Each structure stands twice: as structure tokens, then as C-alpha cells.
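Protein chains: 2
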Amino acid sequence: MKLTDIYWHLRSDISKIEKELEATVDAKHPILKKASSHLLKAGGKRIRPVFVLLAAKFGNYDIEKVKQVAVPLELIHMASLVHDDVIDDADLRRGKKTIKSKWDNRVAMYTGDYIFARAIEMTTNCNKPEVHQILSDAMVEMCIGEVEQIRDQYNWNQNFRIYLRRIKRKTALLIAVSCRLGALAADAPRDVQLSLYRYGYNVGMAFQITDDILDFVATEKELGKPAGSDLHQGNVTLPALYSMEHDEELRSFIMKMIKGDKPDKKVMKVIIDKIKASGGVDYSLEVSDRYLNKAYKELENLPDIPAKDSFYQIAQYIGKRKF
Amino acid sequence: MKLTDIYWHLRSDISKIEKELEATVDAKHPILKKASSHLLKAGGKRIRPVFVLLAAKFGNYDIEKVKQVAVPLELIHMASLVHDDVIDDADLRRGKKTIKSKWDNRVAMYTGDYIFARAIEMTTNCNKPEVHQILSDAMVEMCIGEVEQIRDQYNWNQNFRIYLRRIKRKTALLIAVSCRLGALAADAPRDVQLSLYRYGYNVGMAFQITDDILDFVATEKELGKPAGSDLHQGNVTLPALYSMEHDEELRSFIMKMIKGDKPDKKVMKVIIDKIKASGGVDYSLEVSDRYLNKAYKELENLPDIPAKDSFYQIAQYIGKRKF
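Residue numbers (this note's numbering), protein chains in the order written: chain A, 22 to 344; chain B, 22 to 344.
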């Protein structure tokens, strides 16, 4: 099953959001316009808008209202990707050239700023102060997460807690907020909003851990970048953390080999194989499953509507996704 | 007369804003906290909060309400400075090390994002939707201005219109918005808000043109960076634009000598002297005066309260400031 099959019934509303995304980043300025639409065309799963739409089904669903939350959320995600690519010094994302490689770091920085500002501009149409509060809090936390990622880069002694807190800020929070804001925009009851928030948080954690696993187990073709890229850039994720904790020799080898210079594919392959052999991937899958189980549990308390099934299926999909 | 003398009577409210600025950027995260307070301590004229406070005097002045507009405006300005320093590759600002030189470009980018997000977070306390709209529109325009600055860098054929539009977006708009939002936060009448907006726009244009003049006529000590830095970084401002338009030889010389490599002080001195000799500075002063006169004219329609005098004095100060 493909992810899009799960939310096939939302396709017409998603295409409305897609149109709104295009209209929103459409700038008078040619460079910004090109950079933004380059980003839009690169696609993406639009998973945040999907969460918003599904969550809104638990209230009085009105696509016009829900759109005003879904579009800014996706824009904030897009802007953070642009800024990430500056940080990660990434030339490719989803197999396409990044803005920073097609133009330069400065254009990437301001395109990110521009998309952020557009997102904020759009939320001003929404007359629920709580939406603004939740969204801006999430943005603050995301920035802290980004700075933590810089601080923790090439830090081979970080513990699991630091990793989990970082991915919470970087990924899980915005998914949790997507669920909550969808429900809020549709005036769903407060306990439903909070259940959906926790569902989103747990699914988001599992999503990011899976992403971090795939960086070791997927192929270069599937990833659109060489396997092991995270580790190579000093971004220490769960599989590597676990393996280094259980294999001192591997820890020394990684610390010796990875210092931020050009990737050596053969060395990376050795490291990846050792991480797999020492159980780093299996352990991470377990942790991801634990989060998914918590996500399922949150769904139990919610009313039985079709959107609940879709939420189940998305969680299942994340548990099984291959890239 | 010093600028601070003009708004001496506002000092207690300004110190409230200063405290609020500190409290707002105070982050749990050590790097962000250090970077933000480094920035705060570097000071600055806090000219935007001053405009907000003075404009609010034309309505029902309540510092608690006005603060909610003044602090985000200054934060947005600060955030844009941090991102500017990445772009300008500047190591010093106001004689102090920039965040990007004390840490690195990536920390500077996310510190900027963090301060932006904090600004947005704070505006959510303000229950006037118009405030959000005006502020986010200004942020969008500022981003466009920044990208234009990148596009126009080392472009020796740009015309005055392009320069003026760029400084409008980069500087004048946020000052105009400061005036307008101060009046709006204090529920001043709409025509007063709009007069103050236009006053702020004209003063802001004069302010930036003066800044661009000072880059050629002030000393390295006064500027906190070598004279001619703007031109050297390919940022073509009004004095240089005028001189190149009236002196083909000088244009060729500048185009030949300035190509983004290390500054040669002797060559810069020759260029600066030639720009002065060909009337670039005098012409720019005239243009600045034209904007200041428009600013004075806007004030004429406003009620005669002490804040109006302060606005006059600020405009006069900008016309005379030496650094």
C-alpha cells in the first residue's frame, strides 16, 4: 500500500491545499518565486496537511477553515527544510537539487525566511488566538531543536535522551501540532484535541526514528542521497548511538573515520554493516514500535469515524515503510 | 544633542521594553541564550521601540499594551540583523563580534529564526488581528528586500529606483510600521495611524540614505568597520550610484577594482575620494533632505502634543547625524 492510498478520500481537499500552497509562495520577486516553486515541485508527502484534515474530521469539518491551518503548517515545514539544507550542506533532497545548491546559502536563508513570513501572514486570517500561540510555540521549539542539532553534531558521547528530545523538537512536535490544530480549527472537544496531539507526537517520533533507520538500510536510489549521510555529517542518530554504546571498537572506528571530510563509500559501507550487525537497527525498530503502540492507544479513546481508521493505517504504514 | 536626549522622557518605558526584550530571548538553550544576549548587549538605538512609544502617545497610551507591539518589532529588527550578518559575511557590528563570527553561520541562521519565532509568539498576546497582518506583511516585504540585495550585489548598472525600493523594504517599512502599530495599539484614529506611517516611511528612507552616506564619510572608528565596506561587498548605495552615473571613468575603475576579494584600503580611499569629488555624497544628502521634508509635512496634520516635537527632533537628528 502506498501512503497516498490511505488518504485517497481526501484527495480533492489535498489538491485544494496544494493550490493554496502555490498561491501563497507565489512571489512578485523572480528569485523567491523560482526558489519557492522549485521547492514545491520537489513534492513531499504533505503528511502534515493530511494530519490536519484527518484531525478536523473529529469536529465540524470545513475545508475553508481547516485550510488556514494546514497551509501554514506545511509552509513552516518547508521553510525548515530549506534552512536544514543550509545546515546540512545538502546538495540533494528527494533526489532534486536543493535551493542552497541551485542558488546559494544566502538565497536559501531568505527563501526560508520568506516562506516562514508567508506562513505567519496566512495564519492572521484565522481568528483563533490559540492557533497562533500553539504555532509560534512550535516554531520556537523547532529552532531550539535545530540549534541542538548543531551543538550535538560530531558529539559521539550523547545519550538517547538527548537524541529523543532533539527529534521531538525537530519532527514530532510539528506533527503533534498538526493534529491538534486540525481538531481545534474544526472546534473538536478539547480532550479530542489533546488525544490527537499525543497521537501525533508518538507517530512523529516513530516517523523520525524510521527516517533515521532508513538512512542506514535504504539504497542510495531510494534515499536520493548516499546511505549513511546522517552519520557522515556528524548527525548521530539512534541506530548509531545504540551500536556505539554496545561496541567500543565500533565507537572508536566511527570517531576515527568520520570527521566531516569527503565521504568514502567503502568505509561508510563497513560502518553501516557493523551498525546493523551490532543490533542498532533492530533496537531502533523496537523503539519506533513502542511509540507506534502508544499512538494506537491514543486512538482507542476517540470516536469511531473513518478518519480514525486512516490514522491507524498511517501509523501502520510508518511502521512498515521502506523509504 | 544625542538621540537619547530627544526621548529622555520615555526612558522608564524604554527600560521596561529593554527588560522585556531580555526576558523574551532568554532561552533554555545555552547557545541561543548566549547568542541572543550577546546581540542584546551589543545595544543599538532601539529606535523602533521609540517610534512605537511616541506614536502611541497620539492615542490612549498604555505601556502594557504598547509593549506588546514594541518588543516584537525590535526583535524582528534584531533577527534581520543576525541574518544580514550571514549575508554580508560581517565579522563586526557596532564594533562587536557578530554571532556568525563568534559562532558560525548556522548558529546565526537559527538564532535569527529563534528570535523571529519569539517575536511572533509575543504578538499572539495582542488581540488585534490588524497588528498581526501588518507585521507579517512587513516581514514578507523585508525578505523580498533581502533577496533583492543579493540579486543586486555587484550589479553596477542598477538605477536609483531599484536602490530606493530596496531600502524601502529593508529599512523604511519597518520604521513606518513601528509608527503605525504604536498608534494602532493605542487606538489612535485611522488617519493619525496613516499619517504616522507615512512620517515613518519618509524618516526611514532618510535614515537609510544617511547610513549609506556615512559608510563613505565616517571614520573606521565611528563605523566600527572600514569605510566603504558597503561598496566593497558589492552593495551599491546612492552615493556610489550617483557618482558612477556621472563619471564613466570612476564606474570603470570601481568595476575593475571591486570584485569581492580582500579589501585594499588604499584603493578604497581613492574610490571614496572620487565619489565625494563627483558629488555623490552631496546628491545623497539632498535626496535624504527631500524625504525629511516630506516627513515634516506629515507631522503638520497631527495634533500638537509633546510627542510631535520629539518626532520633529528625531527627523532633524537624522538629517544631522554624523554616525
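Hints are not guaranteed to be accurate.
Any copy, or any two copies together, can satisfy a pair, since identical chains are not distinguished.
As the list claims (entries may be wrong) - Here are the simulated SDA-like cross-link-like pairs (lysine to any residue), alpha carbons at most 20 Å apart as the crow flies:
no.	residue 1	residue 2
1	Lys86	Gln154
2	Lys54	Asp158
3	Lys315	Met276
4	Lys295	Glu162
5	Lys55	Arg172
6	Lys54	Lys191
7	Lys54	Arg186
8	Lys55	Ile171
9	Lys55	Glu162
10	Lys55	Gln174
11	Lys297	Val308
12	Lys318	Ser33
13	Lys62	Ile84
14	Lys295	Asp26
15	Lys318	Asn146
16	Lys86	Pro150
17	Lys86	Glu151
18	Lys37	Gln254
19	Lys189	His50
20	Lys86	Tyr338
21	Lys62	Ile35
22	Lys54	Glu162
23	Lys37	Asn180
In short, the hints are calculated from the structure, not lab data. Being a predicted model, the structure only gives us computed values, none of them experimental.
Exercise for the section: With 20 Å as the alpha-carbon cut-off, assign the pair Lys37 and Gln254 to within, between, both or neither. Expected result: neither (37 Å within a copy, 44 Å between copies)
Exercise for the section: At 20 Å max between alpha carbons, let me know whether Lys189 reaches His50 within a copy, between copies, both or neither. Expected result: Result: close only across copies, 15 Å inter versus 35 Å intra.
Practice task
State whether the alpha carbon distance between Lys55 and Glu162 is at most 20 Å within one copy, between copies, both, or neither.
Solution key: between (29 Å within a copy, 17 Å between copies)
Problem - Intra- versus inter-copy proximity for Arg186 and Lys54 (alpha-carbon distance at most 20 Å) - result: Classified as between: cross-chain Cα gap 18 Å, same-chain 35 Å, threshold 20 Å.
Practice task
Please work out whether the CA atoms of Lys55 and Gln174 approach to 20 Å or closer within one copy, between two copies, in both situations, or in neither?
Solution key: This pair counts as between: shortest inter-copy Cα distance 19 Å, intra-copy 32 Å.
Exercise for the section: Up to 20 Å between alpha-carbons, please classify Lys55 paired with Arg172: within, between, both or neither. Expected result: between (32 Å within a copy, 13 Å between copies)
Problem - Homo-oligomer pair classification [Glu162, Lys295; C-alpha up to 20 Å] - result: neither (34 Å within a copy, 51 Å between copies)
Practice task
Check Lys86 against Pro150 for me: Cα-Cα at most 20 Å, and say if that holds within a copy, between copies, both or neither.
Solution key: both (14 Å within a copy, 16 Å between copies)
Practice task
Tell me, please, which holds for Lys318 and Ser33 at an alpha-carbon limit of 20 Å: within, between, both or neither?
Solution key: neither (30 Å within a copy, 54 Å between copies)
Handout entry: Intra- versus inter-subunit Cα pairing at 20 Å for Lys54 with Asp158
Key = between (28 Å within a copy, 17 Å between copies)
Handout entry: 20 Å Cα threshold - placement of Asn180 relative to Lys37
Key = Answer is neither; intra-copy 43 Å and inter-copy 41 Å both fail.
Exercise for the section: Tell me, please, which holds for Lys54 and Lys191 at an alpha-carbon limit of 20 Å: within, between, both or neither? Expected result: between (26 Å within a copy, 19 Å between copies)
Hints 3, 4, 12, 13, 14, 15, 18, 20 and 23 from the earlier list are contradicted by this structure; the remaining hints agree with it.
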